[in-house]
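Q: Spelled out, the chains give:
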Amino acid sequence: MENSIKILADKCVGCGICESECPFSAISMLERSEEHARKFKLAVIDLNKCTYCGACKQICKFSAVELKKCRPQAEIDKSLYKGVWIYAEQRHGKISNIAYELLSEGRRLAEKLGTFLGAVLIGSNIKSKAQELIDRGADKVYICDDPVFVEFQDDPYTSILTQLIKKEKPEIILMGATNIGRSFASRVAAKIHTGLTADCTSLEIDTVTKNLQQTRPAFGGNIMATILTSRHRPQMSTVRHKVFKEAKIETGRKGEVIEYKVDVKTLLNRTKFLGFIKSAVNYVNLLEAEIIVSGGRGLGKPEGFRLIEELAECLGGAVGASRAAVDSGWIPDIHQVGQTGKTVSPKVYIACGISGQIQHRVGMGSSDIIIAINKDATCPMMQIASYALEGDLYEIIPNIIKEIKSSKSV
Amino acid sequence: MNIIVCIKQVPSMANVQIDPETGRLQRDGVESVINPFDEYAIEEGVRIREKAGGKVIVITMGPPQAESALREAISKGADEAILISDKVFGGADTLATSYTLSSAIKFIGDYDLIICGRQASDGDTAQVGPGTAEMLNIPHITYVKKIELLGDKSIRVERIMEDGCDLIESPLPALLTVGKEINVPRISSLKGKMLAKKAVIKTLDAATINADAKRIGLNGSPTQVIKIFTPPQRTCGEKLTGDAKKIAVALVKRLSELGIA
Amino acid sequence: MVMDYMLSEEEQMIVETARTVAVEKMKPLREYYDEKEEFPWDIVKEFAKADLFATYIPEEYGGFGKGIMGLVLAVEELCKVDGAISLSLAATALGAFPILVAANEEQKKKYLPDIASGTKLAAFGLTEAGAGSDATGMTTTAVKDGDYYVLNGAKCFITNGGDAETYTVFAKTNPSRGARGISCFILEKGDTGFSFGKKEKKMGIRASSTRELVFNDCRVHKDRLLGKEGQGLMIAQATLDNSRPGVAAQALGIATGALNEAVEYARKRVQFGQPIASFQAIQHMLAEMATEIEAARALLYASARMIDSGKVKRTSKESAMAKLFCSEVAMKVTTNAVQIFGGYGYTREYPVEKMMRDAKITTLYEGTSQIQKNEIALNLIKEYISSSK
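Those protein sequence lines, which keep their order, are chains X, L and W. Using our numbering, the letters of the first sequence correspond one by one to residues 44 to 453. Using our numbering, the letters of the second sequence correspond one by one to residues 70 to 330. Using our numbering, the letters of the third sequence correspond one by one to residues 76 to 464.
No lab work stands behind these hints, which were simulated from the structure alone. Mixed in with the good hints there might be a few duds.
What the hints assert, rightly or not - Derived list of chain X stretches under chain L, where covered just means 3 residues or more per stretch with a C-beta under 8 Å from a C-beta of chain L:
#1 160-172
#2 337-348
To be verified - Restricting the straight-line Cα-Cα distance to at most 27 Å, the calculated cross-link-like pairs of lysine-lysine (BS3-like) are:
#3 X:121 to L:267
#4 L:215 to X:49
#5 L:296 to X:315
#6 X:92 to L:267
#7 L:215 to W:343
#8 X:321 to L:308
#9 L:120 to W:219
#10 W:274 to W:102
#11 X:344 to W:343
#12 X:390 to L:314
#13 L:308 to W:343
Beta carbons are placed, not taken as given, at the ideal position from N, Cα and C, and that holds for glycine.
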């Protein structure tokens, strides 16, 4: 049986709400034929574009959308899968902060499900780090320790995590939406044939079905979608920096450390790690910063970034930039926030001379507080700012710096 | 060197507006474009071909309308374009899409390198590239910012990490994903546009690529969207106007009340 | 909505391509090049890669074969963003027209493909310090010596001078014959005895280079002669008939760019509690600007189509009309754009003061507005006489 969707012509009143709601532009409003009793338009679905997501059915007040989804039954016995896992990412032997953030959310989900929280640690000479994870809430730590894992490579990491999943059968795995996490989570999910939901911003457990409800932004954060992996296990999600709070340390907490015996012969290892070039700017700083001061085209000149840096330093924040500033060659692209750059969600985002095109907003729109400094009070950034400062940034910023310094000295 | 570039047609973000009343996306007249990250993939494929010879085949899975994205890729230097299109592909999530693309690539056959944009600007998942590599059983490297050919059997790449760059060597065939750090895409030339206009674009359907019905479209998708909603819109909080000093004082006062400065 | 001028699909491709290059490549750098007064080589490369140098050159020489209309559309679209950087392209067309008009097959095959691909820029050398509007007053000479000509003298105010590779230069081969004693030669950068003088510092079009060409016993082979000896002034006149629509397009582009800026600013700028666009004084200015621009465009496109049709032998009058009208409109529109911006418009923070400076040149070069009027009147009277015979 195929999926089917149709508009019930006798119920549709031509209001057009579904047309504007459809995330895939698959609905258009057409005139009805002359002889039709109803004189208003009829919604028509382009099946080439429709993904059967059901957004139209959900929004329609007249029950005019009939959606039949054909769903095969679960392919696996879900009851065999137990436990919530987080992947404890490490870089050069140090556990990344994202792992601590996942531990706090993982703990919450595990308690809701009445199950344990496991953490997977893959690396070389990494055993000593297990207690850190236990201190932050892990009940079990699975350690895969071998020189082959000294540097991250997709092949061996995918092989080992897949082996471990097949053996232990967790029901949920959370990974960081980092360069590493996004890369090999996708590969692991494809290998074990399960669903993976990227960049989740909220996770909940359905109390009845025990399924994980994963909510994530799409279209650059303009719409949110809640996603289930109901027929497959494990349910895999990646989560961005700063979405969840770091788990607190509870020194001396008890947990189980399970060393997984690594048989190198069973690991794929086609690529060769040649070396690492450390960058002057670590952009985790940008992703993890509490305060970001960003400059855009309104700075007018590359020297403007000195002022941005000064303000950032004064607030203990990081420096960001709009694409316009990066493309003008005023600042390296590692600082770029927005669609083709980084997505950030600091406590405070200060946009200086950034008009706030949608491509920029999708990269920072979820910041707690947005401060915009701009001459043009009508620009989009000023419209969404928590504090919209109208005026010349070259006059305002030095005054802010002066003001902060004097308030600190008091 | 035969290079396959996988692209996706997405709604252009350039002119998407948000209805201030309802907070909904206004999609009227929004044009479809090549996913911005895929532009870099096409450019890199074409640059490698210009150096090493061979051909660049651009493929996309999508509705018949996606043909225009393929034509644009030809105007930017791709040699061939193939549309993978069938109603039964509808509703595919990243896993089903990876399977469909990998089936099509197996059907196309002879290739040395696959390049994808690092993620699509509509879904933002970054999952289809690695997933496709897994199903083709070839290595993949994401976030590549530099590609160096070592003969025709292997490559050396620089991969962007949060704290720097990893240097990695990989045998071919391999799949790479790229972003804006790798190149500056060319603008379609007049002659390229003429070629694109005349190009014949092949279409592959599910039967041709021998796709397993259980692994494509909605049925082959382990994830299901159960709800779509619009997040609350941000509105302007407080406007601070007046002379620069007054504005600065007001702001710092508020920041210190929030415990920030 | 924009007025529909029935552009062909290929013509629309030219417009779209030029727009993309202008917005993506040129716009971020326009202030830079205006301030630094550097030659915009990186953008010239973008024009070349997009085939924009090829629009008007016939397909058999590697061009896109879309005639004067093709050139006009490309130049107009580019100049909406920047009328100075784009001049590298428009002035190359001016330098190439003598070759298109008068060269033999061999010369065309030798020079045009490189111009079409943008590998080499061209320049046109007619004006001298003492011979501006009056070309017959030139003192540069070319004396025949066996199979060679020896050039001596200097040309001034040459756009692309020093940066171009290919030059079409006018010199007297027979000073006693006046207007019929002038010939046209192709010079190449690097020819012995051919050098460049100082770069002019200008009011506007600062991203464009304007230099003196100096000939000091410069020997060129006779296969560099375009057409026959004594045909120089005819070639120059035919060139200007073809190239003046290019200047008109530059003017029209600048004017349109300024109008767009003015409308946007008027909608945003709030005074007396409302956007200034709501004031009738501003509205009337905008309305006049828009109407004049549209009239200019209609005249220019009609002239370009007339030249491309090939049905009329001489189009001096129409080319001059298009250039006169478009350049005067550009000056008026850009001045009014600055007016609408008020004091801000006079600062370099906004692009309209630059547009006004750039626009001024279009009423001056390739014949001042006054010379265009002479040309128009002369042809008008000629036509009257021949029709009343």
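Q: For every hint, state whether the structure bears it out.
A: Here is what the structure says about each hint:
no. : hint           : in the structure
1   : 160-172        : violated (count 0)
2   : 337-348        : violated (count 0)
3   : X:121 to L:267 : violated (53 Å)
4   : L:215 to X:49  : violated (48 Å)
5   : L:296 to X:315 : violated (43 Å)
6   : X:92 to L:267  : holds (26 Å)
7   : L:215 to W:343 : violated (43 Å)
8   : X:321 to L:308 : violated (42 Å)
9   : L:120 to W:219 : violated (48 Å)
10  : W:274 to W:102 : holds (24 Å)
11  : X:344 to W:343 : holds (23 Å)
12  : X:390 to L:314 : holds (24 Å)
13  : L:308 to W:343 : holds (17 Å)
When the structure is compared with the earlier hints, violations turn up for hints 1, 2, 3, 4, 5, 7, 8 and 9 and for no others.
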